[in-house]
Amino acid sequence: MRRKKQIVSIVLITLVTVLFLIPLAYMISTSLKPKAEVLQNTTALFGSYFAVENYVRAWNAFPFGRYLFNSIFVGVATTAVTVVTSAMAAYAFARLKFRGRDKLFFAYLATLMVPLQVTIIPLYMILRMLGWHNSYAALIIPPSFTAFGVFMLRQFFLSIPVEIEEAAKIDGCSRFGIFTRIILPMSKPGLASLAIFTFVNSWKSFFWPLIVTSTDAYKTLPLGLYMFSGQYGTDWSALMAATTISILPGIVFYVVFQKGLVQGIALTGMGGR
Amino acid sequence: MSVPEKKAGFKRKRKSDFGVALVFLAPNLIGFLIFTMIPMAFSLVMSLYDWPLTGEHTFIGLGNFVKLFTEDVLFWKIMKNTLVYVVAYVAFNVLIAMGMAVWITSLKKANEFFRSAFFLPMMIGIVSSTMIFKWILSDAGLVNSLIRFFGGEAPNWFGSTSTAMVAVVIVSVWQGFGYNMVIFISGLLGVSQSVQEAAKIDGANAVQTFFRVTLPCMSPSIFFAVVMTVISSFQVFDQTFVSTMGGPNNETNTLVLYLYNNAFKYQRLGYASAIAWVLFFCILIVTAFLMKQQKHFVNYES
Numbered sequence: 001m002r003r004k005k006q007i008v009s010i011v012l013i014t015l016v017t018v019l020f021l022i023p024l025a026y027m028i029s030t031s032l033k034p035k036a037e038v039l040q041n042t043t044a045l046f047g048s049y050f051a052v053e054n055y056v057r058a059w060n061a062f063p064f065g066r067y068l069f070n071s072i073f074v075g076v077a078t079t080a081v082t083v084v085t086s087a088m089a090a091y092a093f094a095r096l097k098f099r100g101r102d103k104l105f106f107a108y109l110a111t112l113m114v115p116l117q118v119t120i121i122p123l124y125m126i127l128r129m130l131g132w133h134n135s136y137a138a139l140i141i142p143p144s145f146t147a148f149g150v151f152m153l154r155q156f157f158l159s160i161p162v163e164i165e166e167a168a169k170i171d172g173c174s175r176f177g178i179f180t181r182i183i184l185p186m187s188k189p190g191l192a193s194l195a196i197f198t199f200v201n202s203w204k205s206f207f208w209p210l211i212v213t214s215t216d217a218y219k220t221l222p223l224g225l226y227m228f229s230g231q232y233g234t235d236w237s238a239l240m241a242a243t244t245i246s247i248l249p250g251i252v253f254y255v256v257f258q259k260g261l262v263q264g265i266a267l268t269g270m271g272g273r
Numbered sequence: 274m275s276v277p278e279k280k281a282g283f284k285r286k287r288k289s290d291f292g293v294a295l296v297f298l299a300p301n302l303i304g305f306l307i308f309t310m311i312p313m314a315f316s317l318v319m320s321l322y323d324w325p326l327t328g329e330h331t332f333i334g335l336g337n338f339v340k341l342f343t344e345d346v347l348f349w350k351i352m353k354n355t356l357v358y359v360v361a362y363v364a365f366n367v368l369i370a371m372g373m374a375v376w377i378t379s380l381k382k383a384n385e386f387f388r389s390a391f392f393l394p395m396m397i398g399i400v401s402s403t404m405i406f407k408w409i410l411s412d413a414g415l416v417n418s419l420i421r422f423f424g425g426e427a428p429n430w431f432g433s434t435s436t437a438m439v440a441v442v443i444v445s446v447w448q449g450f451g452y453n454m455v456i457f458i459s460g461l462l463g464v465s466q467s468v469q470e471a472a473k474i475d476g477a478n479a480v481q482t483f484f485r486v487t488l489p490c491m492s493p494s495i496f497f498a499v500v501m502t503v504i505s506s507f508q509v510f511d512q513t514f515v516s517t518m519g520g521p522n523n524e525t526n527t528l529v530l531y532l533y534n535n536a537f538k539y540q541r542l543g544y545a546s547a548i549a550w551v552l553f554f555c556i557l558i559v560t561a562f563l564m565k566q567q568k569h570f571v572n573y574e575s
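Protein chains in written order, with this note's numbering: chain A, 1 to 273; chain B, 274 to 575.
Hints are computed from structural coordinates only; laboratory data are not their basis.
Some clues are possibly wrong.
What the hints assert, rightly or not - On the chain B side, residues computed to face chain A include the following (Cβ under 10 angstroms): (1) 377; (2) 391; (3) 557.
Please read all numbers here as calculations on a predicted model, not as lab measurements.
Ideal Cβ placement from N, Cα and C applies to all residues, glycine included.
Bound-form chain A, shown alone (with noise of 0.2 angstroms):
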């Protein structure tokens, strides 16, 4: 009775999730029919042949190299930047002691209430006084100075207990050494987890690169997408192509390091929304 129920239970799970992943089936079926039986057979899976010409077609009019190179690029330094300036000042607030200290971390909190738009104006203006628009600095710097991953490393940190640091700073050990060989070593999960939400952040940002990009030298895979797409908008089978080749990468990224992520999620609930 009770494995019946499971079987059943599999199979219908089965057949929802395979409803729920029929657009992108839809969109590689599109991607592979000519570009003339678009329109005519929608239902149908297949076209007459498979068409590879619209991934020719999308290639030559998306500058895809560049959109991923400028994406990846974007992602990692985005994390290098954010993991490593979040680890320090969070140790800051989680052990050192000196004055204002709370007061200094409650606002870094209380940014955290403040949507993005609002710094959006003001930082656009600065972004032209520096001269960074249309820049690497401009996709990386900003996003990396937001309170989150300060706030979530703290946390990390507060968890592992004093006494070990103790002992080591009665060895001998310095601040930085303790910093570098004992609170870092031991958050490996936390930073793991603020690493992955930082990237995928970065690569699904839409917002902001629209905002400071207007040459395809600085655009990212999203906006290179919505680029093509005002160009190419009812090429369906192109677009549709340009769409399963810019999804590629991150569902590579996905399969990589699933498990960090849905741990951190879970533990969270927060980062990579």
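Chain A is already provided as a structure; the job is to place chain B on it using the hints.
Coordinates of chain B only, in the frame set by chain A:
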């Protein structure tokens, strides 16, 4: 002026790590000040000015806010659209996420596979997802072809005033519920088996156990997920920008899109800043309201 007692007291405390702290803090603090704190404060100042992109800016006090609330007819429509989106998105997102989480955790096999499948669109991102749905929901697309095949009337999804917001919500929920589902799955796994077994021994059936035992045990994580989903859905932008640009007839125009248009299209930076702060207060009020209500349905005891 030195106060001896105070000095002695200070000495007895552990010595301050001010110098070291400065070294540790500086890299982040400098960036945080320039790219988060100062823009935030400056945005508040700008909201009190008539501030065109080029030319003179003039102080007008609360003029932008007064104009928004009393003269700008479009603003109220946009507020309404944003609220409709938030309510619809959060409700469907949380209900579907919870339903799927319960279903997946009840399986004896392959739960990780199904969890991955429903989480996948999170990694595809909202821009690509919107592209796919623009095609699926287009006139010749799969959905309308099927509707016509079964003899129904095919709507102009993103193009008509009555269905555009529905289409935006469909894409958003399809793309986004996997996140909360992951949270709920881990919450469900965390509810101790012994509590559920005890309920069963006391004669509760599966439905009763779920609503009377499991759900209350999970209420803190559900509450947190709802609050975070509300906050992020107020900031909806990418999907409407990519699919409809706020149209048709501003039916899908929302706060952040309006902010973007005012700032970067009409170049009214002061007005756009005021909209940003209205967005902040909307989020603040709704979050405060939820926090206040939580004592009625959130159980922190277990």
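Do the hints match the structure? See the list:
1. 377: holds (7 angstroms)
2. 391: holds (6 angstroms)
3. 557: Holds: closest Cβ of chain A sits about 7 angstroms from residue 557/B, inside 10 angstroms.
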